[in-house]
Structure formats: structure tokens, C-alpha cells
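Chains as they are written, first to last, in our numbering: chain A, 1 to 444; chain B, 1 to 444; chain C, 1 to 444; chain D, 1 to 444.
The hints are simulated quantities; they were obtained by calculation from the structure and are not laboratory data. Computed from a prediction, not measured in an experiment: that's the story for all the values here. Treat each hint with caution, since some may be false.
A pair counts as met if it fits within one copy or between any two copies, since identical chains are not told apart.
[Stated by the list, open to error] Dumping the calculated DMTMM-like pairs for lysine to aspartate or glutamate here, alpha-carbon to alpha-carbon at most 25 Å:
1) Lys-242 <-> Asp-219
2) Lys-222 <-> Asp-209
3) Lys-253 <-> Glu-180
4) Lys-253 <-> Glu-73
5) Lys-324 <-> Asp-227
6) Lys-189 <-> Glu-250
7) Lys-253 <-> Glu-396
8) Lys-53 <-> Glu-73
9) Lys-216 <-> Glu-65
10) Lys-253 <-> Asp-405
11) Lys-324 <-> Glu-180
12) Lys-324 <-> Asp-175
13) Lys-53 <-> Asp-363
14) Lys-53 <-> Asp-374
15) Lys-231 <-> Glu-51
16) Lys-231 <-> Glu-278
17) Lys-189 <-> Glu-86
Number of protein chains: 4
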Amino acid sequence: MSRHLCRRFGSQLLRPSQTTPSAARRAYSAAAPATFDWTDPLSSKTLLTEEEKAISDMAERYCQEQLLPRLEEGYRNESYDKSQLEEMGQLGLLGATIQGYGCAGVSSVAGGLITKAVERVDSGYRSGMSVQSSLVMGGIHEFGSEEQKERFLPGMAQGKILGAFGLTEPNHGSDPGSLEMAATEHPTKKGVYNLSGSKTWITNSPIADVLLVWAKVADPSKGTASDGSPKKVIRGFLVERKGAPAGAIETPKISNKLGLRASITGMIHLDNCPVPAENMLPHAEGLRGPFGCLNQARYGIALGVMGALEDCISRARTYALDRKQFRGNPLARYQLVQKKLADAATDAAFGTLAAIQVGRIKDAGGDAAVGLPDMISMIKRQNCDRALHGARALQEIFGGNAVSDEYGIGRHVANLFVAQTYEGQSDIHSLILGRAITGVQAFA
Amino acid sequence: MSRHLCRRFGSQLLRPSQTTPSAARRAYSAAAPATFDWTDPLSSKTLLTEEEKAISDMAERYCQEQLLPRLEEGYRNESYDKSQLEEMGQLGLLGATIQGYGCAGVSSVAGGLITKAVERVDSGYRSGMSVQSSLVMGGIHEFGSEEQKERFLPGMAQGKILGAFGLTEPNHGSDPGSLEMAATEHPTKKGVYNLSGSKTWITNSPIADVLLVWAKVADPSKGTASDGSPKKVIRGFLVERKGAPAGAIETPKISNKLGLRASITGMIHLDNCPVPAENMLPHAEGLRGPFGCLNQARYGIALGVMGALEDCISRARTYALDRKQFRGNPLARYQLVQKKLADAATDAAFGTLAAIQVGRIKDAGGDAAVGLPDMISMIKRQNCDRALHGARALQEIFGGNAVSDEYGIGRHVANLFVAQTYEGQSDIHSLILGRAITGVQAFA
Amino acid sequence: MSRHLCRRFGSQLLRPSQTTPSAARRAYSAAAPATFDWTDPLSSKTLLTEEEKAISDMAERYCQEQLLPRLEEGYRNESYDKSQLEEMGQLGLLGATIQGYGCAGVSSVAGGLITKAVERVDSGYRSGMSVQSSLVMGGIHEFGSEEQKERFLPGMAQGKILGAFGLTEPNHGSDPGSLEMAATEHPTKKGVYNLSGSKTWITNSPIADVLLVWAKVADPSKGTASDGSPKKVIRGFLVERKGAPAGAIETPKISNKLGLRASITGMIHLDNCPVPAENMLPHAEGLRGPFGCLNQARYGIALGVMGALEDCISRARTYALDRKQFRGNPLARYQLVQKKLADAATDAAFGTLAAIQVGRIKDAGGDAAVGLPDMISMIKRQNCDRALHGARALQEIFGGNAVSDEYGIGRHVANLFVAQTYEGQSDIHSLILGRAITGVQAFA
Amino acid sequence: MSRHLCRRFGSQLLRPSQTTPSAARRAYSAAAPATFDWTDPLSSKTLLTEEEKAISDMAERYCQEQLLPRLEEGYRNESYDKSQLEEMGQLGLLGATIQGYGCAGVSSVAGGLITKAVERVDSGYRSGMSVQSSLVMGGIHEFGSEEQKERFLPGMAQGKILGAFGLTEPNHGSDPGSLEMAATEHPTKKGVYNLSGSKTWITNSPIADVLLVWAKVADPSKGTASDGSPKKVIRGFLVERKGAPAGAIETPKISNKLGLRASITGMIHLDNCPVPAENMLPHAEGLRGPFGCLNQARYGIALGVMGALEDCISRARTYALDRKQFRGNPLARYQLVQKKLADAATDAAFGTLAAIQVGRIKDAGGDAAVGLPDMISMIKRQNCDRALHGARALQEIFGGNAVSDEYGIGRHVANLFVAQTYEGQSDIHSLILGRAITGVQAFA
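Start from the sequences, fold in the hints, and give me the full structure.
This is the structure in C-alpha cells:
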């Protein structure tokens, strides 16, 4: 393990492990099960390195001990305690797969296990972390200049600089190529762009210090459009809130959400917001840029949602064993209940294995990784679909009690719908896969 | 049509129909469609009497004009404006299928069309009305004494006396036969029972004037149990809030619900609450009582949820036509979107026809109606299952925007899960049907 | 009832009803059930006229007594006993909805009940009858000249002239508008067309006396195509086998089918086959012709497949009650089995009601019937999908025994796949419905 | 690789690989794909050893070159060419995971890849091989005496002695504990048992030389039953056809099967068939014996059915690219078609990874393998369910042509239903998993 993740085992944030409460005593325990282990039915742990297991354990402990207790309040009131990002930073959990720049440099699988631990608590918390780690830090690392990396990554790794990722616009969701955010050369200041336009459904935008905003900018080297103007190309800009003129940046919060209520979501309105040219990511041009960032994040989602599904299984199993109906039988005694549990456990087990495999290919790189974006589409789609389906089926076990937010199951259902939808709605990934399989595109 | 429903067409509550806003101009318009009518694909309207069509139109107009505007606020804040029940009372919509006692005396189908109109707006509003109309008024009408009917029904029909139905207990949901609420003879007052116990998930309990509470009471005529005490039998009691001793009745509201947030739900705690013997329903003994009430309500749900599904279809269709992605195509242009719409429209059409048919059999009575409870199980289960399934599939069309409560779709999804669960969870109805088909019971 | 259907009750083909064997004693019995009637859960029989019930009873008796015994042999060996069509003719079951021309003139619902009776035995037998009744007789009746009707319909009604319907071509299935069969004016004989081309998957073609073949013919009145030739239009031709030159008509049988093995299927190869102009249907031009015929047939399928599904339910229920596993419990005792039965019975009940409703609208005609083709798409798609789905789920109840053809269930599964596919594959109907709902077409 | 599998690369049975026909040029090619590889979407090949890849390649080549050409005839006529078992024996493919006794001693994964190669051609051929390799050879190896292993295994490995596995009885399928086959001590011959009873649905029974028959035998050491007789225990007997008295063994073939028609299936009737005590498996007592054998075979099925599913994907993809409808678009251009392909490819990829993982755990043994039987239930159930579901969905792409046996898809659908059913029907595995997850059994 990278040294500084090791070091963090002694963090004040974590209780000594012998006192781990029962809620946290679960799949990630080190001891081999004496029988079939319903928390890891196909023993995915045998595929992990010791370092990965240790990171996973630490992350799970932090999440169960520190995040879970704030959740109910956050979900009910749509309040997000952003200090959690600083805590994660202290533990080395942010941008953890990045080498250098104060990041932990762990494997993709380890990175995914961190998202899984967070999403076991709540998909909204995972969203907040994914934006920071994958979309923004990952984007800067993959497409930024050396100067940009050094300026932003260390502070972001510590959770002291918060990021948001501005791609989706009010009229352009599944089809980002049509985005309208415009970057034009400042009329007077050399080396400065003016950005204008709106983004929506942007996780963390109200609290972010730096917004990675994708905009179209004229590029004369690409030739001219039919109207004689130079063609435009999509570029990424690191828009810093600090120092921006009054009114140039607004990031209103979106309230009354029906899912991911424990995360904070907003819009980004830029009105002639000046951004120096050195804040443009030099190595991202066209959709390759945002899609590269999304690939990172989608991988995290694919493992993350398995955490949410596993939490649903655990909660439903407990409820089914505790709740008695008809002659004192526990619900667990009923075939229709057992089938729901069996289906969900199977999907969790299969999906976890598939995501680990894709993580290995991602880290191996080379020829094997040529089809990686399509592989990530496959696991993002399938794991989100099955997590949502499983959560809904398990919700039925709770009967009327599912409506109470104390049981947690309805919250996962609402969250997982969003996870299935963002970063590539399920149907869009079906068409990405269809194209990969047949060579024919069917988007329109 | 019953005269007083007719009379109510001139109600102040309804705008003159020529000004019906576009939102309310829909399926229930009188004019024959020039082409396939997606709002009523199999022309269920051809099966309705003129009176039924008129009642449906009136109810739809009231709901779209008067209920819809209060909904957003109610759902966000879990606030229920109980004056709506008084308004419905003014229009003759409460207990509408009851003959006499100030009720409209319309057909079962007409009664179902009223619930459909209300549930097109929100399942929570329909729940509030169903409890009043079917569970409590229906229960009093079916199992009450003449005196009870005269004392309660006229006021309830006007929405001036509000009712709640107390069957489910914290530990007994799907299996009400095990309920624990106890009615014992008052130690000193002759002709008075003392009721003690708790009920939960009781719609309208915090605002109800009269609680129809199901309790077990010793009945020496049934013989003795193994411990020598007289056997107990389930009976229904009309527990009146007014005049009850302090602390004898508590009905705390349940907050932070994940569905049906626009309705009000609570518990009922009775602590030696004295109830005069004349408030016991004379004609209900054993589970026949609550099950009889539930049959009424379930019928309303079966048609009601078709209203919610139709609203989802309407919203999704509008969104799919308005929203453009990929080269300016509306979402409606995509095969995967069309299939979702086709599936949902089919389920709405089939489910509506089936519910109308069962309503006819209900009203016909006689031999044809012998299997009625199982028929109602069939349509309650199927229509709830399909409404929920359809709403979820249509929700995907909205992509990320589904999370905004402005689009209404997520609200229906959350509500319909509850509708699928209460008054017989879907799996329980599967077993009721399995028993009806095979003659073998498989509950335990 | 039309007189001659009445008369046929005394037919030699039917045993006196008091001796009806138990296999045939079922849903269509006249007596009201003492309890929930699993063979007709929502009492669709209450929607039938006395005449319709009588026709249904007669058809069911004929099918169970006369058709069922030949089935095993026919299915195993792909042999079709065409004398069954003559028998059906004797009973008045062919082209039964046609008024006059020796046909019974019954309601659309009665016609559908006949197909349901036949398909309860086997979808292949129903296919053979549908082609005769709906596609060919229906086509002649709807689009033919008076002379054509008088020449063909009486003999076809008696099953003495057999028909086949040639629309699908080897390269054009779901998209018949691209068909290639060509009708050109005979080089020398005035008033004669030469037809050349191939049709495939044509039920009854090897045994048919008259082939209703859809071909393209130049029509100068439509203007010219881009290459200067006159535009072509699709027309229907009644191609008679008798008197055709050697080699002009070939109708080879297709063997080794995986479904509908009890029906006979073939190709049609026409090689400069001369057809007199008076054999062209005068009133069908363009796709309106074949689609009109298909509408008739699809209606029959929609009710027909409900018969096959009901037979699956009946067989599965019997098996589940007879078969004991685990401590002597019948399979019917298991929740997972009961759910399959409940689901299938619900689909059969809902689908039957929907089909009856569409039949009523069909017969009513007028404004209500404007959207009829889309309504038929809806019930054809849904009933085929659900029948297939139900049959497959019920098949699981039989375990390994499902593989034996003695239990009949696997045969229905294989047949119903074909029913779902022909006369509009399910996805095509989804797009037809999607277009009807949204006004946007998404076929290509 | 074991030496003798290596040696067999030069077998006369295999063409030199440079001439591998296009049909066989597929997923198992060694070269890394330039892009996403739809035949192995998640690069499961990266998890294989060089030996495993080589074995897989050899098996795939043999199956495509030697087995595929005989299939059509075999399936149509229910004829099984048993020489294929001898060929497989020559190539070292039988009992391949067994160490010693003339067997190849390859890994469990390699064994599974062999079944996958065979089932890519036909599930019936794989069944024939599984019985020989897993159920009988595996059973002898796991539970037999050293003498039994030496007497039977080498000849079986070469395909010169054929085996069958007799567990299922006419009245006992899912519940083998109730089997009725009786082994009693011979009245006169010491050390000989007499076996009497019937088995059914026994793959290969008509051609088998040795039948592994499970029977109940009195075991006084177990105490006495309620009627005073000694308790009975299930034991396995190697019943040899050669030398059996006339009439003691009958193995009639079951014909007219609706699936697995290319395999041979029969019954086993034993009538006082004498079997020497040394033919009883010494180490199997109770259900542990047959369940141990089934575990081996189920593992092979779990990977095997992925081969059948992959073949369906390949066939459907080819058809979808070749078949044009509506303005010349290939079917592959339609969203509804792409989704079916994407779903099936995902299931094939996930299922293959899961099966490889379980194979690794199986070979690792020790603590990790404690829950192995439940793991195998999980992958057997899921992979069979998904293969069947995927095959059915892909079948729709073929439209009417699916009915022709030339396209192969309907055959896979029919076969996969049987695979889902035998060796633990899907619902039974759901209950096994439900018990493993909850600790509560719900079989009865």
C-alpha cells in the first residue's frame, strides 16, 4: 500500500478496530467464513491483494462509523456536510488511484472498493466523492498540464479544494456533443476567455471552489463551418470561484430532489466569466475529454452500486429474519421472499466479479484495454440496472414499513434510480454496447 | 344520476367547463377521437353509462382544478389539507356508492372512476378519500346497525366527520388475524368496553374524528381456549375522539415518509379507552369484517392506480415529444422510448377494462359475484403491479430530470410502491389467487 | 344465432353433449360456478350473448372431441389432416363472421371464440383455420368483387375450396411494402397478368386451391418513378391452382419446423403464372389490402392465443395438484408455483376481456372504430406476449417432464413463439403503438 | 498441460489449424482484438493459463469441425452418434479434470471450457459428455474404491466404456431423497444385492455399459424405523449391463422429446438385477453421494450454457447484420434489436467470469471452498436462467425464420429450457440459495 494510506490507519477518524460496532462487522471482516458467505457469495475477496483488502476495510470502517450517523439528517433535509470530503482527504480516499501529487496511487480495484464502501452508506455521498475524485481530479490528471496538476491536485486530495464537473446542460443530457456553453476570446484581455452558458444537475456545484466546465471554443485550425465562421471544438476549463467578478458565476442549489437527497446538487450559470487560457486543459479536445473523465467515474459507479445493493440485501435479510407473520414464521421462511434474496445476492456477486475484472484490465492497459470504454459501459449499465432492480424487489419484503425512512431501503431505491440514469442512462449504454457488438450505431 | 350529484354540477368548486384549462382537457372529453385515442386506447368509455361519464368528468375537473394546485406543497412538506374532504363531500364524492344516508348511490364503476380521478392527481389524496369512503363509511354501511348508519354516514358523506381505519398493527401487517388490540369489558361500567393496543400506518388517524378499530374481544359463546379462557373474536369498534378521557387516544403523525407524502398517516394508541357497546359493529365478526371493508377499498385502488399510470403516460409522452436529443430528434422518435409508452398504455387499457368488468359483477351480485373477493385480489394485484412497473419504466424517459419533483413522475413511482404494498401486498394476493386456483393454501 | 349454425348442433361430428368427456368439461360449461372460477376468473362469459355462448360451446366440443385426438400424430410427424377444414365447414366455423355467401354471419366476438376453441387444442390448427377464414375469405369479402365473392366464398365456407395467403417473401417479412412479386401484363393475352416471384412461410400453401397473392403491378395513373417507368402499386390476385400451366405454380412444403408442426407451411413460387384480370381484387390497392386482411386475422389471434394459454394453465394446474415432492406435498402447495399460476390466470382473464371489448368496437363500427387497427395491434401484441410468457413460466412447473410431448406444454410454448412473431412481430407492434401514441414513427 | 492432452494436438481428428473454416474462427482465436471483442466482452481470456487456452482452442476446433456437421441430422431424427464419445476420449476430453487413471488432470476451469465448447454446438451433446465425465467418472473417482477406479476409469476416459447416471425416478425429481429403487440382499448369493425399480430421463441409458444407480438399502447400523425394520440409506451401485440376466436390465429409449433431441435419453428398469457388493461405491452414503456427483456436473453446465448463449449471440448478430428491412437498413440498426444483443452479451460475459471464479475456488479447495455447493447452485441457476432468457430474446430477432431449424436458434432455446430444469430446477436452486443466505429452509 502507498505509504500514506498505511499511515492513516492510525487516524483519529477511525475507532480502534476491536470496537467496531455490529453494524460495521460484515463482509469485509478478514476471517474466512465457516460456510457460504452471503455477504460475498463468490468469494471476490480471493481476487484482492492484501493492500486492497486493507484499504477496503479502512474505508468501510470510516463509512460505517463516520458517515452513516449523519445520513438520516442529511437525507431528510437535503443537507450535505462537506467536511466529509476533508475527512476522506485525511484518509487518502480522494483521487486515490492517482500516482503522485499527494494522492495514494492505489489500484483501480482499490479505488472502486472505496466507492463501494461509501455507496454502501449512500449513493449521494458516493456521488459527492466521485465528482471530486474521478471527474475533476481524474480529469485534471489525465488532460491537465503539469502546472495545473501541481496547482490543484494536492489540495483536492486533501479535500481542501472542492471540485465540480460541468458537462450536462438544461437541454443536453444524453447528447453532450450539442452543448451550448461558449468560450470566446476576451474582447480586451489577451490570453483570457469569457465563458457564458448554463449547466444543470451538477453535483457539488454550490460548494465547489473549482468548476471543470466544458465549453465550445472557436478553433480556426479546424476549418470553417457552413456560415463561414471557424469551427468550434469542445474544451475543458478550470473555472475558479475565487476572484471571479460579481455575478459572473452563480451556482444555485437544486432542492426538493426525489433521490440523492444526501448530496448537494446545483446549476452553474456563467455570465461572461473570465478564465485565463492557462486554466484550459491542454490535452482534451472534443468529446474525448469529458468522456475520458466519465470513464473513470463510471468505473467507480459500477463497483459503488454493488455496495448499495449489498446494503439492501443485508437490511432485507435482517428484516426477513426478524419479522414474523402467519403462525410465527419469519418472512425468511417464505419462498417468494427467498427468491428475492437469492436473485439480489447473485447480481451482487456477479457484478462485483465483473467490476474487479475490468479494474484489472484497466490497470494492465495495453492491448487488453483497447475496448475498455465499452467494457465500462457494460458494467456500469448492468450493475446499475441490477442494483436498482434488486433494491426494488427487496423493498417489497418490508411491506408497508418500506415507506419509513428508518429502514433505509426506500432511500437506496430512490438513489439507485439516479445512479442508473446519470453518467449514461441505461438505454444509452445499451446503444453504446449495441454499436460495439454490431458496428452499427442506432442513436438516431 | 342520483339527483344530488346532478345538482352539484353547478358547484362553486368547479369552474364553468368551457374554461377548463389544457391540463384538464384530456381523456374524459366527451368528443369521440378522430383517431386512436392514446388516453383510452381500448375505448373503455363505450362501457360507461351517461351518468358514469358525467360523474367521471365532474370528478376529473374537480381534481385537476382544485387538488392538483395544492399538491406540490403538500408532497414536499407532508402537509395534508383536510378541507379537500369537505369539498369532496360537497360534490357528493364521498361514500358515493352507498344508497341513502345522504350518499349519492352511484354504481361501483362510478365510484371507481372517482378514485381514478383523484389518483390521477396523487395516490395519497386517493388514500385519504378511500379511507373515508370505502374503509370506514363502507364498513359502517355493510356491518353497522341502522342507528350507527344514521349517526355517522350523513356527516361523513359531507366530509364533516372524518374517519380512519385501524387494522394494521406494528407486528401484524399481512396477517391481521394475529392482531393484539384488546377490547375488554369495563370493570365497572356496564355496556362499555375498554380498548387497549396500537395500530400503525393508519391513513388519516391524526385528523380523524372516528376510528374504526378492530380488536379482539372474549366471546364465551365460542367455547374456551386451551388455557380455559373464553375464545376471542375480532370485532370492529367505532372509537370517537370527542369525549374520550385524556390520554386514552393518541394518534401521532408519522413523518419523513418516502411515499404518499401528500397524505397524512399516523398511529393509533388506545390506552383503556372506553367505548360504549353500541359503538361495536353488530354484523362483523372475525376477519370477515375487515376483509369486507378492504374489498371495497381494494376495488377503488384497482381503478385508482390506473389514473396514476395514465398521468405518468401523459407526462412521459409530453416530455418525450418536447425533449430533443441527437440531431434534434424528440425522444419520442426512439424505439426504446416508444416501447415503454406502448407497454404502459397497454397495461392502463387492459387494467381499466378488467376493473370495469369487476365493478359490473359487483353490482350485479348473485351467483356471478360469488368469487368476487378473489376477482378483486386479481385486479388489485395486477393493476398495482403494472402501474408501478409502468411508472418506473416511464421514469427512465425523463433521465436526470426525473429527480426533480416538478415532473411528477418520481412522486407517482414512490406512491405506487405503497399502493402495491398496502391492502394486501402483491405477493399476498398472489397466494390468495394461488389458493383460489388450486384449492391449496400456501401462506405458511 | 344464424340459422345454419343452429342447425349444426345436431351434426354427426358432435357427440350428444351429455357424454362430453371430462377433458372437454371445462370453462365453457353453462352452469355458474359455485366459487371463483379459475377457468374464467373475471367472468368474461357474462359479456357474451346466448348465441355466442352456444357457438363457443359447440366449437369447444368439436375441438376437444375431434381435433385433439389427431394432434399428437400431426405434431410429431408434421402431418396436417386437411379434412378438418371440411369438418369445420360443415359446422359453419369457417368465415363465420361473414354475412351471406353461405357463411354464418356471427359477431366478431363469436368468431374469436371459435379461434380460441381451436387454439386451445393447437395454434397450428388455428393457423390453418385463420388463413382460410380471415386472411383469404376475409380478404375476398372485404376487397373482392361481387362476382369473386360468389365464386369463392360458398365453397370456402364449406372447406371444399382451400385458400392460402401469400404476402411474406424470403427477403421481406416485417416490411411487406418492399415486396418483389411482380404482376406484368401478359405479352400477348389481353386481360391477363403474368405473376412471378416467391413467397415463403405460407400456411396451407401446399394444399391450397386458391392463393391470394400480393404483387406489384405498374399503374400509369400513379405517375412515373425516377427512372421514367410507371409507378407500381400493390394489388391482390386470386391465383387458382387448377388450370395453371405446368411449372407456373409450385408450393413446396417446408419441413422440420420447430413450432406449429401440426400445421402445414410452404412456399409459393410463381413463374410467369397467368392470372386473368378478373381475379385481381378490385378494392384493394397498396398496403391497405394486405393490412386489412391481417387486421381480421390478428383479431382472431388475440383471442386465439388466450385459448392456448388457458390450456397451459389447465395442464399445469392438474400437474401441480397431481405431482408430489418433498414430504408428499403437491407442487401446488409451493409459493413459487402458485405465483406462476396466478400470473398466467390473470393474463388470460385480462386478455380475454380486452379482446371481447375490441370485438364489440369492431362490430359497432362508426367513430368508435376509427382507431381499430391500432387497438388490434395492442391486443395482438399483448395477448401473444403474455401467452408466450405464461406458457414458458408454466412449463417450469413440469420440470423435466416438460420435455415429453405427452404433457403438451412444450408444444404450446413452441407454437406461441410463432404466434408472437407472425402477423406482426411483437416489436413491430410496439412501434405501431408507439406511433399511434406519439404521432412519430420509429421504424427506421 | 498434461502431456497426453498436448500430444493430442496432432490428432487426426483435427484439421491443421491454418485451414480452420470461418465458422470456427471466433472468440478463441489467440490474437488480441483491435477493439472491443464482442465474443469475449470482458476479456475472460486474460484469466486463463496458456494450457487452458490451448485446451479450449482444441476443444472448440474439434466441436466445430467434427460435431457441428452431424448435428442437424441428429436433432431432426433424435439419433445420437455415440462414436463422438470415443473421439472425445481420444482427445482426452472425457473425465479431463481427474488426475490419473488415464485422465488428463486439467483444472476445473479447463474442464468447464471443454463443456462450453461442446455446448456451443449443442446442449444435448454436452449432456452426453457430462454424464460420462462428471456424473459417472466423477462419481467413481470421488466415491469409488481404488479397485473400482482402476477397473472403470481408463476405459471410460477413452470412451470405450459408456456410463449413465440413474438418480431421477418417475415420481421423484426435485426430491431425490424419496427415491424408491431398492437394493436388497440376494436371497441365496452371499455378497450380492438385488436391485429393483425404475429410473427415468436418464441421458445415455440406452447405450450405456455401466449404470451408476442410486438405491436404498437397509442398514441395521442406522437403527430401526417406526415399523421395526432397519433404516434405509441411499447407496450407489455400478450396474454392468454385460452378464446381467435376461430381463434384469431394460433401458428403453424415450422418443419425441421437445428438447435435447440430439442426445439419447431413456429409462432404466431393473428387475431383481443382481449386483455384486464390490460394485457398491464405498464412500457415498445418503444424498451426499448423488449431490457430490451433481456438483461436478452442475459446474460444467454453468460454463457450458455460456457456450450455447454465445452461439445464439453469434447467430443473431450475423442475422441482424445480413437481414435488411425498411429502407434497406440491417436489423442491427434497430434499437430494440441492439438492446437484445447487449443484454445477452452482458449475461454471457458476466456468467463466464463467475464460473471461472468458482472453478478457481474449487481447485484451491480449503476454507475458501467451504461454501462451494452453494456457489455452484448460484452459477448453475443464474447462467442457465440467463442463457435461456437471452436465447429467447435473440430468437425474436429472427422473426418467422426462427421456426426453421436451419438457423439453430430455436434448437438452443428448446435445449436451454432443459438445462435450466435438470440437475436442479431453477426454483429449487433459488431455495437452496435462500437457505444459504438466511439459514432457513423453505422447501416444504
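Against the structure, the hints:
no.	hint	result
1	Lys-242 <-> Asp-219	neither (28 Å within a copy, 75 Å between copies)
2	Lys-222 <-> Asp-209	neither (33 Å within a copy, 68 Å between copies)
3	Lys-253 <-> Glu-180	within (21 Å within a copy, 48 Å between copies)
4	Lys-253 <-> Glu-73	both (18 Å within a copy, 19 Å between copies)
5	Lys-324 <-> Asp-227	between (72 Å within a copy, 23 Å between copies)
6	Lys-189 <-> Glu-250	within (22 Å within a copy, 70 Å between copies)
7	Lys-253 <-> Glu-396	between (33 Å within a copy, 23 Å between copies)
8	Lys-53 <-> Glu-73	neither (31 Å within a copy, 47 Å between copies)
9	Lys-216 <-> Glu-65	neither (44 Å within a copy, 45 Å between copies)
10	Lys-253 <-> Asp-405	both (23 Å within a copy, 14 Å between copies)
11	Lys-324 <-> Glu-180	between (57 Å within a copy, 14 Å between copies)
12	Lys-324 <-> Asp-175	between (49 Å within a copy, 9 Å between copies)
13	Lys-53 <-> Asp-363	both (17 Å within a copy, 22 Å between copies)
14	Lys-53 <-> Asp-374	between (27 Å within a copy, 24 Å between copies)
15	Lys-231 <-> Glu-51	neither (49 Å within a copy, 54 Å between copies)
16	Lys-231 <-> Glu-278	within (21 Å within a copy, 64 Å between copies)
17	Lys-189 <-> Glu-86	neither (36 Å within a copy, 67 Å between copies)
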